[in-house]
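*Asks:* Protein chains in written order, with UniProt numbering: chain A, 1 to 155; chain B, 1 to 477.
Please note that the accuracy of each hint is not assured.
[What the hints assert, rightly or not] Just a sample of chain B residues kept apart from chain A, beta carbon distances all over 10 angstroms, derived: (1) 69; (2) 134; (3) 143; (4) 396; (5) 418; (6) 425.
[Claimed, not checked] Simulated pairs of lysine-lysine, DSS-like, Cα-Cα distance not exceeding 25 angstroms: (7) A:12 to B:123; (8) A:8 to B:261; (9) B:261 to B:239; (10) B:132 to A:16; (11) B:132 to A:8; (12) B:196 to B:245; (13) A:12 to B:255; (14) B:152 to A:8; (15) B:255 to B:245; (16) A:8 to B:111; (17) B:245 to B:233; (18) A:12 to B:132; (19) B:152 to B:136; (20) B:255 to B:239; (21) B:123 to A:8.
Simulated from the structure, these hints should not be mistaken for lab results.
Keep in mind that this is a model prediction, so the values were computed, not measured.
Glycine is no exception: its CB is placed at the ideal position from the N, C-alpha and C atoms.
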Amino acid sequence: MSAGFAAKRLGKELQKISTSLPPGIELVTAENFEEWLLDIKVLDSNPLYENETYRLKFRFGSTYPIEPPEVVFIQLPDRPIPIHPHVYSNGIICLDLLGQQGWSPVQNVESICMSLQSMLTGNSKNERPPGDEDFVRANRQRPKDIQFYYHDNDV
Amino acid sequence: MPPPNTPEEGALATASSEPSSPEPAPVPLTAPNSPSAIGFAEFKYIFITKLDYQAIEYVGEVDDTLLCPVCRTPFISPITTPCGHTFCRECIDRALETQSTCPIDRQRIRKTRDYHLCPLIIKEQLDRLMVKCPNKGCNHQCPREHLEGHYKRRCDFTLVQCTGPDCVKPITRRVARKRLGGCMHDEVDCRHCGDKVCSMELDSHYDNDCMGRVAVCSDCRQVMPNPSMTRHKHEDCPKVDAPCKWHSAGCRVFKRRELVKKHEAEGCSFEVISRMLQQQAEDRKRLDEMARHVARCEERHARREARRAARAQAHATAHGTNNNNDHRSIEATHSAAHSAEPSSDGDGDVGGSTEDYVLAQFERLESELEILRQQSRDMDARQSHIILQHAAHFSDQIAEIGSKVGVVNMHLSWLMSLQRQSRSSTAAAAIAGAAASVASGSSSGARPGSSDGSGWRYSGDDRRYSEGGRPESLHRL
Ligand SMILES: [Zn+2]
Ligand SMILES: [Zn+2]
Ligand SMILES: [Zn+2]
Ligand SMILES: [Zn+2]
Ligand SMILES: [Zn+2]
Ligand SMILES: [Zn+2]
Ligand SMILES: [Zn+2]
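With the rest of the complex left out, here is chain A (with noise of 0.2 angstroms):
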């Protein structure tokens, strides 16, 4: 397998990010290929997300898309971690999409921040997470790592 193979994709990724993206969705820094920042925002009117721009961090292996990227959330002054019960209070996403099985290479980053943004659209629940304070106490591993244990996957 050629390293040059996730280079290749995300450079066409980049090419296309780079002049059209959704509403509600930014590139903020995209200077490898290992590493993207991105912003989104919601776009309807959930009071729990209005008026917020959420900061997400893209890890790439020299995988991807065949596996997938590392996505977090990660916090600013002006980028909280959104409240939502499927993300940890230090910005871990607990989404099928993003775990081994429920991965498909047809995704992509603009997918990921698409699917990301409706997640919290659908959410009416202002809460984090079961175990949010013993899982971010605990937690030293990296989120590919994790077996997540997708109880609800209608959020």
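Using the hints, position chain B with the ligands against chain A.
*Replies:* This is chain B with the ligands only, laid out in the frame that chain A set:
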């Protein structure tokens, strides 16, 4: 040679085992006689890079339906799954390594066994896509199905291994073809100028830099350094065909330069037209400039008008809240100032808008100052009138008081004279008692009889004071 669409394309293997990057990758330790070297007499070269379909550039937009959903490039050796989805052979292989389902609809797929040939119509469309040769320096464009042949057989810029016996560095085929057998990376002395030049670059040295090598113009037989030849042919050579100087005006003369020169000297009939066209172009430019200037002026004028209107409105609202008595007079002065304004700058319209604005402000301030001055004058008059009225009132009162005092004075002097008369003429004892009491009050002398009348004593102090002060004032009056 199989076209790029056949899945078993790997057979075109080259000396390189990982040739997927378009940059020349030196391949170490590959013997020239390795079995993968192409063995035709014509192609004694060892290819260093393999044509990388994923990196090639397509001419124009490629329809989305021809893009592989995994790698996002137009399909390369596509296959179709039982569920009807098409992927590059390589892409689906990779995807199935981690998950044995279709990346799109997650139906089970067995590697290779479930691969079907992709519909011919797709292959044909892919074959027809125009692509650019990926070699640096080559401008070749062709349908994708012909690219492989161009790259392998014809492209001068395909990288091959240096023909030197111990050298594995890449050189372009163009270079390799010229000097079979020697290493192209040694420096050699140019036989014409003596400069040290890498033998690979000798050609470009001869063409561009070498001043020692002379060349003879094939057309005019003139001798000159080789690098000057291109310029000579383009600009100077009398035997080369060239257009007339006025060809842009329509002159069709296109023959050997010496004849064209003669034609120009004799007077090309298109020269007049060309000059006219030039003149016209200049006029057009000037006209455009003027139009722009007019547009700018109009814009400025419109802005000024808008400002004036805004100012007038501001005044109107200011007056609306003003309930002063002088309201009407102010309005009058203002409207006078306004009506004066347009005439004042109507003719001097060329002036800058700032000066105009300042001037208008100045006028406005001046008229307002005039109003204030008028108001203060009115106020002044009113004040003095009021003071005058008050003063008249006081003087009336004073006069009245004066007359009353005169009456009192009269009475008093009458009483005094009466007293004096009675004292001097009669000294009767009974009357003397009463007279003495009166005298004691007025002369402030001893009061011999005061102890007699208890009633007098009772209010004595008051009386003494008032009667003590009175005589003097009476005297003065
Ligand atoms: Zn499928
Ligand atoms: Zn593909
Ligand atoms: Zn070429
Ligand atoms: Zn060499
Ligand atoms: Zn030379
Ligand atoms: Zn010549
Ligand atoms: Zn002519």
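*Asks:* If a hint holds in the structure, say so; if it doesn't, say that too.
*Replies:* Verification of the hints:
At roughly 4 angstroms, the least C-beta separation between residue 69 of chain B and chain A is not larger than 10 angstroms, which violates its mark as non-interface. Residue placement check: residue 134 of chain B keeps its beta carbon more than 10 angstroms from all beta carbons of chain A (closest about 13 angstroms). Every CB of chain A lies more than 10 angstroms from the CB of residue 143 of chain B, the least distance being 22 angstroms, so the non-interface label holds. Listed as a non-interface residue, residue 396 of chain B keeps its Cβ farther than 10 angstroms from every Cβ of chain A; the least gap is roughly 81 angstroms.
Listed as outside the interface, residue 418 of chain B is consistent with that label: its C-beta sits roughly 109 angstroms from the nearest C-beta of chain A, beyond the 10 angstroms cut-off. At roughly 120 angstroms from the closest C-beta of chain A, the C-beta of residue 425 of chain B stays outside 10 angstroms, upholding its exclusion from the interface. Between residue 12 of chain A and residue 123 of chain B, the direct Cα distance comes to roughly 22 angstroms. Compliance with the 25 angstroms bound is thereby established for this hinted pair. Between the alpha carbons of residue 8 of chain A and residue 261 of chain B the distance comes to roughly 57 angstroms, so the proposed pair goes past 25 angstroms and is violated.
Annotation: proposed proximity of residue 261 of chain B to residue 239 of chain B holds, straight-line Cα distance about 11 angstroms (limit 25 angstroms). With a CA separation close to 20 angstroms, the supplied pair residue 132 of chain B and residue 16 of chain A stays within the 25 angstroms bound. Note on residue 132 of chain B and residue 8 of chain A: the hinted pairing holds, with a Cα-Cα distance of about 17 angstroms set against a maximum of 25 angstroms. The straight-line distance between the Cα atoms of residue 196 of chain B and residue 245 of chain B is roughly 43 angstroms, outside the 25 angstroms bound, and the hint therefore fails.
Distance hint between residue 12 of chain A and residue 255 of chain B is unfulfilled; the C-alpha atoms sit about 51 angstroms from each other, more than 25 angstroms. As the CA atoms of residue 152 of chain B and residue 8 of chain A are separated by approximately 23 angstroms, the hinted pair is consistent with the 25 angstroms bound. A hinted pair counts as satisfied when its Cα atoms are at most 25 angstroms apart, and residue 255 of chain B with residue 245 of chain B qualifies at roughly 12 angstroms. For the given pair, residue 8 of chain A sits about 24 angstroms from residue 111 of chain B by alpha-carbon distance, which is consistent with the 25 angstroms threshold.
A C-alpha spacing of about 16 angstroms is found between residue 245 of chain B and residue 233 of chain B, which places the hinted pair at or below 25 angstroms, so the restraint holds. Between residue 12 of chain A and residue 132 of chain B the alpha-carbon distance is near 17 angstroms, which keeps this suggested pair within the 25 angstroms criterion. For the proposed pair residue 152 of chain B and residue 136 of chain B, the alpha carbon gap of about 15 angstroms is at most 25 angstroms, so the pair holds. Of the pairs offered as hints, the one joining residue 255 of chain B and residue 239 of chain B holds, with about 9 angstroms between alpha carbons and a cut-off of 25 angstroms not exceeded.
The straight-line distance between the Cα atoms of residue 123 of chain B and residue 8 of chain A is roughly 23 angstroms, inside the 25 angstroms bound, and the hint therefore holds.
The structure does not agree with the numbered hints 1, 8, 12, 13 stated previously, though it agrees with the rest.
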